[in-house]
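Chains as they are written, first to last, in this note's numbering: chain A, 1 to 618; chain B, 1 to 80.
Read the hints as simulated data drawn from the structure, not as lab findings.
Here the structure is a predicted model, which is why all the values come from computation and not from measurement.
There may be inaccurate statements among the hints.
Said to hold, decoys possible - As a list, the in silico DSSO-like pairs of lysine-lysine whose alpha-carbon atoms are at most 30 Å apart: (1) K6/B - K5/A; (2) K130/A - K155/A; (3) K232/A - K4/B; (4) K383/A - K303/A; (5) K11/A - K55/B; (6) K6/B - K140/A; (7) K344/A - K490/A; (8) K68/B - K47/A; (9) K55/B - K226/A; (10) K73/B - K4/A; (11) K4/A - K6/B; (12) K399/A - K490/A; (13) K142/A - K130/A.
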Amino acid sequence: MDTKKLVRNIKACQTAEDIFDTIQDLDMSELAARHFVTINRKIEELKPNPDVRIAYLSNFTVDMLPPFFNVYAASEGIWSNGYVGAYNQYFQELLSEENPLIKYEPHFIILFLSLKHLDPNAYYGIGSMKDSKKADSLNKIKETIEEWIEIALGKTFATILVSNFIVPDFVQKGIADCKDSYSEIQFYENLNRILVEMSWNNPRLQIFDIKRLAAIYGSRNIIDSKMYYLAKIMWKESFNANIAEWLLRHIMSSSGLSRKCLVLDLDNTLWGGVVGEDGPEGIKIGPGDPNSEAYFDFQHKIKALKNRGIMLAICSKNNYGDVLEVFNTRKDMPLQLDDFTTTKINWDSKHVNLEQIAKELNIGLDSMVFIDDSPTECALIRKMLPEVKMIQLPQAYEKISEIIENLPYFEKTVILREDIVKTEQYRHNIRRSELRSSSGNLADYLNSLKTEVSIWQARESNRERIHQLFTKTNQFNVTTIRYNPGDIEKFIVEENFDLHVISSKDRFGDIGIIGLVLLENSCSNAKIDSFILSCRAMGRGIETAIMNYLKKDYFERKEFKIIRAKYIPTPKNLPVKDFFKDQGFHVIRSESDGQTGYELDKSTFTYNDCDWIKINES
Amino acid sequence: MVNKLKRIISEIIEVDEDQIIDEFGPSDATSWDSMNNLRIITALEEEFNIQLSMKEIETMINFKIISKLIEAKLSGRKAA
C-alpha cells in the first residue's frame, strides 16, 4: 500500500463521505498505527454527526484506542466518537457531581481492567496465597466489578462492555502451577467465568473477550513493557487495531448493523473445481486431499453461521441439474440444499439474481454479503450493487476458510431460538408464497394458512428479542427509533408505557415473536410510538389483527378517547407509508420531510376485516 | 533515512517537514506531547525495524539526536 498517497488523500478530504470513499476498501492490517491517528484527526476535524458514542474507562492508559476504533467504524460507514475517562477513575467518572460522562450520553461504555492495578496483592502475592485466601480475593474483585456494573447500568442507558482478564505470561509457580490445587491460571479462569455468569441475566451487559484476542494475536506480541513503564499502557500500539476490529463486532451487532444473509457462488467457492466439467464426484470437497479439506473446513464454518441465524443463499452460473446432482450424491458435504434459504442457479447476471434474493427474503441489499472467486464478477457486483458487501475468495485455497472468521458482519450479541430456526421459517415462507400462487384466490390462501396471533405485555424474558426487533427491523417499522436495552427496561417497568409483544403460528409452524407495539399513555390518550413487524410476518394481515386488538383494548376496555400515531419515513419503510390511513386513522399533521401525524377517535373508529386470523390474548 | 524520519515525525505531530530542523524537539511543539512521543517511538521501531531502549528514549530530546541514534542503529546492524 502506498501510504504516502493515502496520507495525502486523507488530508485532501473535504467531507465525511470523502473519508469513507478513501478508506472503505483499505486493508486495515496494512496500515501503520500512525495512519489511524492521521485518519482519525480528519474525522475529528470534519465532525460528522456521530452514530455512536463510546466511553472508554480503565485502570490503565487506553487513550490510544479510540482513534483506531473510529477509523475501523468509519470504514463501515459508521461515525463514532470516543470519551476517555480519567486514568483509574472508572468509579468517579460515573459518580462525580459534574457528570461529564453522564452528559456525554454514551451508547456504549467499555471498561478495561488490569488485575495488577485492581488488586496488586492478588496479582503479586498469588504464588504464596492459601487456597481460601485466593477465594476471598476473587470474591472481593467480583464485588468491586459487580458494584461498578450496577452503577453503570443505573446511571446510564448505555450498553456496558466489560473486558475480561488476560492470564499473565509469567506464572509464579512455573510449570508446577498446572499441578496446583488452585492454580494461578485457575484464578484467572474463575475470574473470567464470574464475568460470563454476570452477563447471563443482563442483556445490557456484554463481555469483551480480550483474553481470546491476546491468544489469537499472541500475548508476547501485544504486551510492551516499555509502553507500560513509560505511560501505563498495557498493549503495543498495533494491538489497538485488533481490539478495535473486535469492538466493532460488538457495536455493529448491538446496533442492528450486522448483515443477515450470506450468498455464495458454487464452483471454486463452495467446492474446488467446476461441476460442469469435473462432475459431482470430481469436485474437491471432503476429507482426503489438501484442496478438498480446505473446502470442507470452509463449508463447516459457513454451516456454523447458519446455526447462528444467518441465512444462506446460492447465486451461481450453472446448470441447475448439475448442481442438484451434486447435492443428491454428495451427502458428505457439510452444507446440503436445505441449509440454503433460497438458491439462484441459472445463467442470468449475478446482480439480477442478488436483487431477486433480497426481494424474496424481504431484506435490503445492505444486509447481504456475497462471496465469489471470480475477480470479474466481484468487480461487477461492486459497481452495480455497492450496498452488497462483496468478498473475493483468495486464490490460495489454504486461506479460504480464514475468510469467515475475518468477517465482522455476522455477529450476534446472543443467539436466540428465533435465530436457530430461521432458515426453516424463511423456507416455510417461500412455501407459503408458493401456496399463494397455486390457490389463486387471496382469501382462500389466507384462510388456508390458519394463522394465529398471540399478544401479551412484554415480559423480562422477551427483552433480547425485543431489542433485536427494535434494532433490526427496517421495513415494517413506522418510526424506526432504535431503542437500546436500557430504554426497553424502562418501557417494561414504567406505568405509562405499554409494550405489547406479538407472536404467530400457522399450519406450517411457529414463527415465534414477530412484532411489537409500543404505546405511551397520558390521561385518556394513547400514542403509538413504535409499531414493528418482522418481514417474515408481512403480507397476511397480521398488522390489521394487531390493530383491531389495540382498538378493542384501548377504546372498549380501557375507554381511551384517542389513539395517536406517527409515520417517520426512511429509505426502507415505504411499505408502511399508508399503514395508519388504511387502518382508519386521520391525518392531523404533515411535515415537509414526510413525517405524518395521525389520530383515531373512539367515537368514529371501526374495525378492519381480518377474520382469517385468530387472536389469543394472554 | 533523514527524510523518512522527518516525514514520520511530521505526520504524527502535524508540523511541516521544513520546520523540523536539527534542534527541533518536544519543547518546540505542543503537539509533541507524551502520547505523540510514544507514537513516534512505535513508528520508528516499526519503520526502521529497530528496538529503542528506555535509556535511549530518555536521550531523544531533539531531531538531530534521534536521527543520529537511528543512523547508528542501522549502521550497527549493517556491520553485524
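Item to check | Hint numbers not upheld by this structure, sorted from lowest to highest | outcome: Checked against the structure, the hints that fail are numbers 2, 5, 6, 7, 8, 12, while the rest are satisfied.
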